[in-house]
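K.L.:
Letter by letter, the chains look like this.
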Amino acid sequence: MQNTELDLLKMIADIDGIPSGAHNIRANGETGSRVVTENVDIVTKTDKPGIDIIIKAGTKGESVHIPVVISKTDYTETVYNDFYIGDDADVTIMAGCGIHNCGDGEARHDGIHTFYVGKNAKVKYIEKHYGEGDGTGGKNMNPTTIINIADGGYMEMETTQIKGIDSTNRITNAVLGAEAKLVIHEKLMTHGTQFAGTDFTVDLNGENSSANVVSRSVAKDTSHQKFLSKINGNNKCSGHTECDAIIMDDATVTAVPEITANHIDASLIHEAAIGKIAGEQLIKLMTLGLTESQAEEQIVNGFLK
Amino acid sequence: MLELVNISFSAPSENGEKEILKNINLKLDDGFNVITGPNGGGKSTLAKIIAGIITPTNGKILLDGEDITNLSITERANKGISFAFQQPVRFKGITVHDLISLASGKDIGMTEACDFLSQVGLCARDYINREVNASLSGGELKRIEIATVLARGTKVSLFDEPEAGIDLWSFNSLIKVFEKLHETLGGSIMIISHQERILNIADKVIVVANGTIKATGTKEEILPELLGNTMGPCKVLTDALGGAN
Ligand SMILES: Nc1ncnc2c1ncn2[C@@H]1O[C@H](COP(=O)(O)OP(=O)(O)OP(=O)(O)O)[C@@H](O)[C@H]1O
Ligand SMILES: [Mg+2]
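Quick mapping for you: the protein sequence lines, in order, are chains Z and B. Note that this note's numbering has the first sequence beginning at 22, numbered continuously upward. Note that this note's numbering has the second sequence beginning at 5, numbered continuously upward.
If you are wondering where the hints come from, they were derived from the structure by calculation, not from laboratory data. Just so we're clear, the structure is a prediction, and the values are computed from it rather than from any experiment.
Computed, partial: chain Z to chain B, Cβ under 10 angstroms:
#1 299
#2 304
#3 319
#4 320
Think about it this way: if two alpha-carbon atoms lie no more than 30 angstroms apart in a straight line, the pair counts; the simulated DSSO-like pairs of lysine-lysine are:
#5 Z:241 with B:110
#6 B:96 with Z:143
#7 Z:326 with B:96
#8 B:83 with B:180
#9 B:110 with Z:208
#10 Z:251 with Z:140
#11 Z:247 with B:96
#12 Z:297 with Z:326
#13 B:110 with Z:297
#14 B:96 with Z:241
For each residue, glycine too, the CB sits at the ideal point set by N, CA and C.
Pulled out of the complex, with its shape left as it was, chain B reads as follows (with noise of 0.2 angstroms):
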């Protein structure tokens, strides 16, 4: 289990610092943890101070109840943290059969590295190959990124909002890819999300607006207020969140 201990965070900005988190206090069980919140609120930012890719201001992260706080990205990354990030990165000359390598941290033949790759609904052949530069369309990256983790099996995952520029249609499967991971891993899977039917597999919704944590609770209790039926999703998230913004 990941726990953050009054996590604070603040970036130098142009009038003054900026404060981007404050006093976060979060457990992340076992199960899926969806977190959602407005643009700009913060939840990218939590994502990178889990994989240590950003050094709080304050606060502690706890995995498994070691404090690994100080600890960098990579000795983070071999306790079990994989990280699917917003923007995929792109690299001159590294293959997506390369990338898969890496990620799983053994040399995997191809019949493997493809099996990741079909699960994300890429035709593994056409794309194995490939180099993970500019070429790849936006979608194709996002699918390859979230094929790293898969590759990875750890026992935290976190997606940063895996669905951007996945088409509808792939929607479902997506969604498979993540009940199977935990099927199979177990282990606590955070996304960040924007999309009703990935708060619709979440185990526990977390609200994150302006640097803090507005609501978290079941689904069953976060989401009807969430999506209400008659307003749009930002009003109603400014309503629960009792004017907040």
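Isolated chain Z (complex conformation) (with noise of 0.2 angstroms):
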């Protein structure tokens, strides 16, 4: 890998060089690096593009990196990652991709992530994505993540998209069973003329399961961003979504939450707000001797934290 893939590596999974544990490094469309342990194995496909990460029953405290780096323009990708995390498992995944394209061709990785979460298992999914590259081609990311629970699980999705991805849909499924529970917090900012769009559906099947879906964004410039999320509560269930965004400049935000209780035990509650930074927030700052658009950056970058 060269310098560019590296630091590329470093912004979307904080990693420097190669990670310890298991881990698979893909970097324009080729695997860069390898390594599986005794608990976690990688297997790559044989019928479509992708690997399959199988995580032993019982596995605790491992991590596995899985990073994706893009430095060539004209090239797309879609790749097909299946995750098997075993009975009582608890692990921690880290995914994420960075494309640097200094092209006009258009950079694209459209990767479709399922998760099969074993009873009691427990997992932290991290994904970061990140763009950059003074080309005009465009850096583009299409995320789908899938999501089946089985009884007892738990998960939780932590999902970032802070720069230079010009148009993006996030589509994420999940399905739960009895005492499931997922949890989702989904960090975005877009500038210039970007788009991002986000597609959260969780079924709560099971008794007791519940869902929190969290969405925190930041729209400046004439970036257009668009917040779907739906809960469906089929059993006794509690669920619950929030979409929180700051407007700036000529951005544009549309939020839909949509809740459908199918059982006459299931709570859900929506909750959806977007505007401005509040006046006198950047007032407050100001008379700590902040200019107003370092107030302004404070704001942001707490809130999105």
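These two chains come separately, so use the hints to put the complex back together.
P.N.:
Structure below.
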């Protein structure tokens, strides 16, 4: 791997060089580096691009890194990664994609990630998306995440896209069994003429299942964001979805939370708020000696922290 | 020293322009300047004009002789004016440590930030990493607001009703905080307050009512009239002001 790719890795996965522990680094469509452990196996798919990540039942405290970097122009790929997390496992998975596009052609990564979270297993899934490069070519990503959580399983997903992605359609579909729990935190910032679409659908099928889907976003310049979040309560369950957006400049944001209760004991809440930075927040920070743009930066950074 | 010369402020209201402050002339000397007076009298408006949050319709503001009337909020802050709001502002994601750090103008460590919090009676460890948001109680927010002004340590400090929401038990410590602030920094401290115990530390008391200054003087001159024994303060105030209102 070259410096560009190593820098991208640092941005999206907070790793310097090759991560310790199980990992698979995909660079420009090739496997850059792969390490498996006794408990975590990674197998290349034979029928389509992508890998299977198989985590043994009972595995505790291991982490798996599967970052993707692209430093080419005129390159698009669709990758299928499936995660099998054994019963009672407790693991952290770090994905993420960085694109460096200096050319005029499109660089695009469409990642389809499917999770099978076993009974009473616990997964923390972190993904970061980042683009850079001064070419006119688009830097686009369309992550699809399909989540199946078995009884008593828990998954926490932290998805961040702060910079440089021109267009993104982010689709997440989750189905939860009894006592299963899903927590999603999305952080998004768009600038320039970027577009970001987010589409969450959660089916709370199991008794006492619960979901909390929270999105915080900032839209700058003339960018546009669309947030859709659907929670279906099909059993005794609780669900909460929240979209909180700051608009700046000439940006536009649409938020469409949708909750459906199909069971008498389903308890569902949605909240959505869009607005510019509160004037009093700017004023308070200015009375501390910050300029208006420094104050703005502090407020936005805090909001997306 | 801070001086207001002929300050007036009008704002549009339902029935035309409303004059909120009329021809205010006021010097804030070194020491404690306590502003008091009835609700809606114009005290907070006056403080906001000093901090640059509101632009006066007329008049001049001088800081150590320099005309600062046209300076922005930021410029005034950097010249040494600090302001603790009557209603503290909430932020999503900004922690107490972030705010105190921003106030102090440098990246201060936990120990130093905690020190400012302890001064206002907050058990620092419990608060330092919390977000300055609605999960904090009114009194906690108010104390953090005061701590931001302590962390700035400037030559002019404005506190708008610092006692509001602070429990009686902490009141004496609050007064000690102000006294310590003055001991260490000197400068002018302007406190807007309705509280007798704060009026008691005043070097100068200024009574603002109906958008004008009704009286200024030492606490010995003003307090007896303001806090007469036989009648409620409001009645006494009205009398002392010669039936104004
Ligand atoms: N922007 C504005 N537009 C219209 N009226 C205003 C504006 N700002 C303040 N006022 C009015 O000016 C008057 C003075 O308000 P101010 O907040 O300065 O009073 P105060 O003396 O601080 O009162 P309190 O003791 O209740 O805090 C009030 O009648 C208020 O409603
Ligand atoms: Mg007031």
